[in-house]
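The residues making up each chain are set out below.
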Amino acid sequence: MPVRMVESPAPSNSSGANYGQTCLQPCSLLSVGQAFSGTQNVSSPQKDEAWRVNVRIQGCDLDHGYLCGTMEALNVPMADTPVVTFWEGEIVDTKNYTFFTNKWKATSEVDIEHWTKFPSFSPLLSQVEVDGGKSLDLSNYQYIFMRWKEQYFVNVGADCGLTIAGFYYVCFSCVDGSINGYYYDPNSSPFQKLELKTTNEGRSGFSFSSYELQ
Amino acid sequence: MPGSASTTHRPEGLIERLRSAAADGGEAKLKVLRELKNQIIGNRTKKLSYIKLGAVPSVVSILSSASSSVDCLLIQCAATIGSFACGVDAGVKAVLDAGAFPHLINLLSHSNEKVVDAGARALKMIYQSKAAPKYDFFQHKNIEFLISLLDKNNENVTGLGASIITHSCETNNEQKILADAGVLKKLINLLQGTTSQRESSLESFATIIKQNPEVITKFVGPENSTTFGSLLELTKDRYPRTRLLACICLTLIKNATSSSSSSYLQSVGIRTKLILVLLELVDDFGQVGDEALFTLSSFIEHEEDLQKLAFEANTVDKLCHQMQKESLQAKRLEGIFTTLGSLCSNLEPCRSIVLQSPKALIIITDALTHTTTDVRVAACICLKNVSRSVKYLSAGHFMTEAVIMPVIQLLYDASTSVQVAALCTVSNLVVDFRTHKSLFIQSGGVKQLVELSKSMDSTVKLNAVWALRNLMFLVDSRCKEEIFMDLKLFPLTRLISDSNACVQEQALGLVCNLVNGPVDSIMYLFTEGLLLNTVGRELRRASKPQVLVQAMYVMCNVASGKEFEKEAVMQQLVNEDDNNQSIIVTLLQSDVASLRTAVVWTVVNLTIPTGAGALARVVKLRNAGVVSQLKNMVNDPCLDVKLRVRTALGQSMTFGDFST
Chain G
1 MPVRMVESPA PSNSSGANYG QTCLQPCSLL SVGQAFSGTQ NVSSPQKDEA
51 WRVNVRIQGC DLDHGYLCGT MEALNVPMAD TPVVTFWEGE IVDTKNYTFF
101 TNKWKATSEV DIEHWTKFPS FSPLLSQVEV DGGKSLDLSN YQYIFMRWKE
151 QYFVNVGADC GLTIAGFYYV CFSCVDGSIN GYYYDPNSSP FQKLELKTTN
201 EGRSGFSFSS YELQ
Chain U
1 MPGSASTTHR PEGLIERLRS AAADGGEAKL KVLRELKNQI IGNRTKKLSY
51 IKLGAVPSVV SILSSASSSV DCLLIQCAAT IGSFACGVDA GVKAVLDAGA
101 FPHLINLLSH SNEKVVDAGA RALKMIYQSK AAPKYDFFQH KNIEFLISLL
151 DKNNENVTGL GASIITHSCE TNNEQKILAD AGVLKKLINL LQGTTSQRES
201 SLESFATIIK QNPEVITKFV GPENSTTFGS LLELTKDRYP RTRLLACICL
251 TLIKNATSSS SSSYLQSVGI RTKLILVLLE LVDDFGQVGD EALFTLSSFI
301 EHEEDLQKLA FEANTVDKLC HQMQKESLQA KRLEGIFTTL GSLCSNLEPC
351 RSIVLQSPKA LIIITDALTH TTTDVRVAAC ICLKNVSRSV KYLSAGHFMT
401 EAVIMPVIQL LYDASTSVQV AALCTVSNLV VDFRTHKSLF IQSGGVKQLV
451 ELSKSMDSTV KLNAVWALRN LMFLVDSRCK EEIFMDLKLF PLTRLISDSN
501 ACVQEQALGL VCNLVNGPVD SIMYLFTEGL LLNTVGRELR RASKPQVLVQ
551 AMYVMCNVAS GKEFEKEAVM QQLVNEDDNN QSIIVTLLQS DVASLRTAVV
601 WTVVNLTIPT GAGALARVVK LRNAGVVSQL KNMVNDPCLD VKLRVRTALG
651 QSMTFGDFST
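Chains G and U, in that order, give the protein sequences. Residue numbers for the first sequence, in my numbering: 1 to 214. Residue numbers for the second sequence, in my numbering: 1 to 660.
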């Protein structure tokens with residue numbers, strides 16, 4: 001007998017001053033070892049350009065709203081080899097981090113300007129404008145919002161002519177593991193779009209791996 | 001020009017005179033006792049020498065035969081016996097063997113306060129040694145006697161009472177007997193006394209409350225404001241040892257009650273002050289400073305908030321600076337590594353400071369070869385916690401010869417505690433996300449891990465398998481093959497079926513990582529067809545959810561392979577001849593969300609519509625009741641499960657809705 005599927009509700013407001021929000025639920029597609037591939041559009045008014053990008057999740061700590069991994073840019077014009085960077089992510093769980101960045105040269109206006117580019121953000125907008133989303137309960141929302149900040153170059157020197165000064169506004173879909181992002185750096189082309197999809201590395205299905213630190 | 005010493009001044013001569021004095025009596029006794037006492041005071045070598053020559057029985061013989069009216073002789077005997085017992089276990093043993101104990105106890109009821117004092121002092125020396133007899137607190141008269149000691153207006157007598165407690169109180173029952181008898185209150189009253197009384201009382205107080213929330217809740221804590229207030233006040237005492245002991249008591253109170261509802265020491269102000277007091281004491285390079293480090297480590301060990309406070313008080317900088325001092329004693333090094341380890345267990349900024357400190361990592365790795373076992377363990381645990389940083393692991397910070405080689409050496413250490421600490425450290429280091437895992441493999445690390453995974457010691461075995469599991473995480477194909485060759489099939493199947501569920505969990509995690517990555521990796525599971533059968537058997541047999549989760553992810557990874565691999569998983573999970581409920585349905589009904597997630601992912605992989613056998617598999621799964629069960633789960637409380645159930649149902653329905 002078919003059962004009607006309940007559509008994912010819009011995130012609810014927590015009652016009263018109960019700001020000790022619950023953590024986000026784990027999403028297996030955003031766990032350590034998972035790989036994603038796609039492109040980053042780095043077009044400028046002079047030239048259309050996109051770099052192929054691979055991402056691998058290396059660490060995830062939902063209690064602390066922390067995610068990290070590597071990002072590999074494959075056809076970077078001025079680099080002889082693929083350029084790998086290590087990034088750390090802040091998960092907007094309204095407990096550890098809100099939608100307001102409060103650093104990296106991002107004002108709340110810049111934040112809203114970028115978050116609103118994600119259609120899944122629109123139900124949250126009005127509350128985010130009030131308090132950065134602090135009173136939202138996102139624990140059952142099908143999308144996870146994050147900021148990814150590259151920390152260092154893994155395989156090339158810092159003098160490689162590339163910059164990692166900016167950061168990404170990221171929206172991850174728990175439904176299919178797709179990732180959309182926008183790079184923000186006041187000194188780079190605005191709204192460089194990152195589009196990634198989960199990869200299955202030649203398999204006919206999904207595969208998982210794990211480690212546990214002691 | 002020095003002349004030759006006369007025989008009477010040599011130990012043998014003194015012993016001769018002592019023996020004859022013991023036999024003859026008179027004034028000579030006092031003189032020879034005084035001479036002996038003066039020779040041995042503070043001189044360990046002479047004490048041992050006279051003990052060897054049999055001096056102690058002669059002194060005890062004089063004491064036993066002395067008339068109770070010859071006070072000065074009694075005092076000299078007690079003082080000499082006390083001196084033999086002071087700081088030398090062999091001396092305590094000699095004193096006890098010579099039967100001095102009851103005679104010294106008798107002195108406590110003497111009418112002359114000076115005799116009492118000398119007797120108490122000697123007994124106190126005995127009770128400060130591990131060789132002293134254990135006091136029986138279960139005898140009512142013994143408790144009465146103990147309380148009478150604590151009630152005396154004599155520093156050495158109350159000190160004796162406190163020493164008896166510190167030496168003999170070990171079990172929770174003993175702690176309770178003493179607390180119920182009002183001993184804690186008496187010890188608190190003694191805090192108003194001399195420095196010596198304060199310190200011995202604080203030590204006994206710590207002994208009675210140690211790891212005993214029941215006693216603490218009943219007798220200590222903020223509602224007993226005098227006790228709590230006195231302890232807090234003593235953290236500001238002018239004497240460092242008193243401040244330290246007060247901090248130890250407050251740490252014990254906090255640690256024993258931190259998991260209960262009535263947890264004490266919640267005030268951030270008090271917590272910060274305590275950390276600052278301990279940090280100041282760390283500047284003392286003697287015993288107080290050493291103990292302050294261990295107390296600080298114990299105070300912050302299990303609470304991230306406290307670690308943050310200690311971090312904000314610049315503890316990491318201070319310790320990194322201190323560890324660079326030359327010729328540090330083993331105890332100090334152990335204390336520094338233990339405290340740094342606690343700080344780095346959770347906080348990334350602490351790890352960053354350690355790793356950016358110019359010499360810290362070198363000093364820690366150097367200490368891995370220290371001659372003292374406890375230092376090796378502490379350095380290893382410190383390195384383990386520093387390496388909990390994915391950021392630095394990813395940068396390949398630890399997979400260098402300078403770090404890896406000494407850690408691998410520790411896997412061969414004669415001490416099991418060192419081996420376990422090294423295994424835990426290796427577990428972290430080998431996560432290394434870059435392509436440097438080969439360094440560990442080429443250095444012989446895998447062979448020893450495999451060896452230790454066969455250990456009879458369950459902790460060694462567990463941690464060895466854990467390290468192998470982490471080593472297998474995202475490892476390249478060549479290394480994977482090398483590890484598998486070293487590990488071999490049968491040991492792996494044994495580990496999956498181990499009697500310890502934690503070993504099973506890690507072993508299955510290892511297999512899961514083995515068959516992840518390039519699709520060819522799945523073939524490892526089909527070597528002689530054994531491994532998959534073993535995993536399937538554990539899925540039907542195991543009860544611990546974590547074991548089932550790992551086993552199911554092995555199935556899931558195999559089911560992401562080719563058609564025959566998916567079919568092999570079907571054979572393990574769906575037996576059409578069996579009338580019992582399918583294992584998939586059973587596990588889908590689990591209360592554990594992570595297990596339901598793993599099962600649904602497996603079903604997702606089995607029902608991917610593109611494969612030639614997909615329809616047949618969907619029909620089998622439907623017949624086994626899996627599709628019906630999935631339909632019951634479309635509103636699963638776990639979002640991850642709910643979303644995967646939708647995918648699995650969507651794929652199943654590609655072949656038509658079977659609901660009719």
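Bear in mind the hints are in silico, worked out from the structure with no lab data behind them. Hints may be right or wrong, so weigh each one.
Claimed, not checked - As a list, the in silico EDC-like pairs of lysine to aspartate or glutamate whose alpha-carbon atoms are at most 16 Å apart: (1) U:Lys391 <-> G:Glu201; (2) U:Lys391 <-> G:Asp61; (3) U:Lys562 <-> G:Glu201; (4) U:Lys46 <-> G:Asp137.
Stated by the list, open to error - With the Cβ distance kept under 10 Å, some of the chain G side facing chain U (calculated, not the full set): (5) Cys23; (6) Gln25; (7) Ser28; (8) His64; (9) Gly65; (10) Val110; (11) Ser135; (12) Ser139; (13) Gly205; (14) Glu212; (15) Leu213.
What the hints assert, rightly or not - The following residues of chain U were derived to be distant from chain G, with all beta-carbon distances above 10 Å: (16) Val215; (17) Ser298; (18) Ala395; (19) Gly444; (20) Lys454; (21) Val515; (22) Pro518; (23) Ser560; (24) Ser594; (25) Thr597; (26) Val604.
Ideal Cβ placement from N, Cα and C applies to all residues, glycine included.
Verification of the hints:
1. U:Lys391 <-> G:Glu201: 25 Å, violated
2. U:Lys391 <-> G:Asp61: OK: U:Lys391 and G:Asp61 at ~13 Å, within 16 Å.
3. U:Lys562 <-> G:Glu201: 13 Å, holds
4. U:Lys46 <-> G:Asp137: 76 Å, violated
5. Cys23: Check failed: Cβ of G:Cys23 comes no nearer than 12 Å to chain U, outside 10 Å.
6. Gln25: Status holds, d = 5 Å.
7. Ser28: Holds, about 6 Å.
8. His64: 9 Å, holds
9. Gly65: 13 Å, violated
10. Val110: Violated: closest Cβ of chain U sits about 26 Å from G:Val110, beyond 10 Å.
11. Ser135: 20 Å, violated
12. Ser139: 8 Å, holds
13. Gly205: 3 Å, holds
14. Glu212: Holds. Min distance 7 Å.
15. Leu213: Because about 5 Å separates G:Leu213 from the closest Cβ in chain U, which is inside the 10 Å limit, the hint holds.
16. Val215: The claim holds: U:Val215 sits with its nearest Cβ about 33 Å from chain G, beyond 10 Å.
17. Ser298: With a cut-off of 10 Å, U:Ser298 remains clear of chain G, as the shortest Cβ separation is near 20 Å.
18. Ala395: 7 Å, violated
19. Gly444: 21 Å, holds
20. Lys454: Nearest chain G Cβ is 20 Å from U:Lys454, so the label holds.
21. Val515: The assertion about U:Val515 is violated, with a minimum of 8 Å to chain G.
22. Pro518: Contrary to the label, U:Pro518 does not stay out of reach of chain G, its closest Cβ about 7 Å off (not over 10 Å).
23. Ser560: About 3 Å separates U:Ser560 from the closest Cβ of chain G, which leaves it inside 10 Å; violated.
24. Ser594: Check fails; 8 Å does not lie beyond 10 Å.
25. Thr597: 6 Å, violated
26. Val604: For U:Val604, whose nearest Cβ neighbour in chain G is about 7 Å away, the distance does not exceed 10 Å, so it is violated.
Against the hints set out earlier in the document, violations occur for numbers 1, 4, 5, 9, 10, 11, 18, 21, 22, 23, 24, 25 and 26.
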